[in-house]
Amino acid sequence: MIKTDILIIGAGPTGLFAVFEAGLLQLKCHLIDALPQAGGQCAEIYPKKPIYDIPGFPEVLAGDLVDNLMEQIKPFQPGFTLGERAETIEKLDDGTFIVTTNKGTKHHAPVIAIAGGLGSFEPRKPLLENLEKYEDNGVAYMIKEPEIYRNKKVLIAGGGDSALDWSIFLADVAKEVTLVHRRNEFRGALDSVEKVQQLKNEGKINLITPAEVVALKGESQLEKLTVKNTSTSEETDVEVDNFIPLFGLSPKLGPIADWGLEIEKNAIKVDNTYDYQTNIPGIYAIGDVNTYPGKLKLILCGFHEATLMCQSAYQKIFPDKKYVMKYTTVGGVTGFDGSKKEAPKAVVKAID
Amino acid sequence: MSDIKIKITDREGVSHEVDAPTDMNMNLMEVVRSYELAPEGTIGICGGMAMCASCQCYVQSDHQLPEKSDDEEAMLAEAFFVKDNSRLGCQIHMTEDLDGLEVELAPEEP
Chain A
1 MIKTDILIIG
11 AGPTGLFAVF
21 EAGLLQLKCH
31 LIDALPQAGG
41 QCAEIYPKKP
51 IYDIPGFPEV
61 LAGDLVDNLM
71 EQIKPFQPGF
81 TLGERAETIE
91 KLDDGTFIVT
101 TNKGTKHHAP
111 VIAIAGGLGS
121 FEPRKPLLEN
131 LEKYEDNGVA
141 YMIKEPEIYR
151 NKKVLIAGGG
161 DSALDWSIFL
171 ADVAKEVTLV
181 HRRNEFRGAL
191 DSVEKVQQLK
201 NEGKINLITP
211 AEVVALKGES
221 QLEKLTVKNT
231 STSEETDVEV
241 DNFIPLFGLS
251 PKLGPIADWG
261 LEIEKNAIKV
271 DNTYDYQTNI
281 PGIYAIGDVN
291 TYPGKLKLIL
301 CGFHEATLMC
311 QSAYQKIFPD
321 KKYVMKYTTV
331 GGVTGFDGSK
341 KEAPKAVVKA
351 ID
Chain B
1 MSDIKIKITD
11 REGVSHEVDA
21 PTDMNMNLME
31 VVRSYELAPE
41 GTIGICGGMA
51 MCASCQCYVQ
61 SDHQLPEKSD
71 DEEAMLAEAF
81 FVKDNSRLGC
91 QIHMTEDLDG
101 LEVELAPEEP
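Going down the list, the protein sequences come from chains A and B.
Here the first sequence stands for residues 1 to 352, where the numbers follow the UniProt record's numbering.
Here the second sequence stands for residues 1 to 110, where the numbers follow the UniProt record's numbering.
FYI, nobody ran anything at the bench for these hints, they're computed from the structure.
Take these hints with a grain of salt, some might be off.
Stated by the list, open to error - Keeping only pairs whose Cα atoms sit at most 35 Å apart, straight-line, the calculated DSBU-like set for lysine-lysine is: (1) K83(B) - K48(A); (2) K3(A) - K252(A); (3) K5(B) - K195(A).
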């Protein structure tokens, strides 16, 4: 069981900055995120896009903003449960919560801050009949253990970086790799596109474009895929052991929608006049995941919401303590790792 | 400054004729959101970067639209329910020559 003061669901910019504000109050944080890395959309969808409305940064790449936030919160030693999705919540008699992920990891905290953005990122599944029947019987939407494809006949569908990169990787592992894409053009790093071209020329990747998979066949295990050439409409069957559609990720609010929180317009209603608490005391929602009159889904608004949430969380955890907000210019930053940053003292010295 | 008229058929098949301003740097996805013709959270998910297909629409009138960018082409190649007249609403900017444009919103991805 992981124990912390504030359990943050979602490791995007808002969730990460909450760690800093909590740290100033000497509160420890742990973050859960469905993606394998921190940063949320900034890291997953648009790391190379410049953002122009972060106060104090005339221009910053989304990926760099995440790196900076990680650096800023390092002294507060946040814990991370990555690649797992928060699934269920249980309120104990003492008012604290236990949140369990889809992989069974349990987290115990007196305060929950949902900073889930648009939701957890789930793989986009192609619209094919019988697709679900073959899940775990040959169909997978993510590659977790490449070794399971050793000496198998694998067909990958998609035209982005992950389709290209995995085709390249599996060309050395699998018995056969077929890459199917609806267009002749691929959207990926130039290196990857060139490498696939080379492997295709060497006969190590069987490239079928412009085409798409239109049907799956097989008794209980996947055996064949029907691939349709989209310009000639000609259909051919390809014998495969595995089908891996890699069509990117799309966000889904997911299990949080069933936690008994008040939901409006696919977002969680909060009290914006005070502390961004939801209808369940002890559960807060900050950043893009919440809604209130006048809500704007901006990173800078998420930072503000995180800050006020932490003040309220402090009062909830220590109801008897009086806390006076201290500026970092005055109090400095004392990390849980023993580090201390503070303004250099002015020199007091007479001038003769 | 002037407004143009746009006819938008929502995902339930209901047709709406709306005024769209041409002087506010708005795109079609934002027009749909401003009139709440699709529920929040189901359209414009990526914010308008051509990185999701939640604002896909079918263009039904024969207006001359700007060419698709590489990003829009690539996104539509991976989107679902794509037709020959599919476009991403976020890539269609409101200009005076789009007066009378008619579009239908594509179904939401499952």
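Comparing the hints with the structure gives:
{"no.": "1", "hint": "K83(B) - K48(A)", "in the structure": "holds, 30 Å"}
{"no.": "2", "hint": "K3(A) - K252(A)", "in the structure": "holds, 27 Å"}
{"no.": "3", "hint": "K5(B) - K195(A)", "in the structure": "violated, 49 Å"}
In terms of the numbered hints stated before, the structure departs from hint 3 and from no other.
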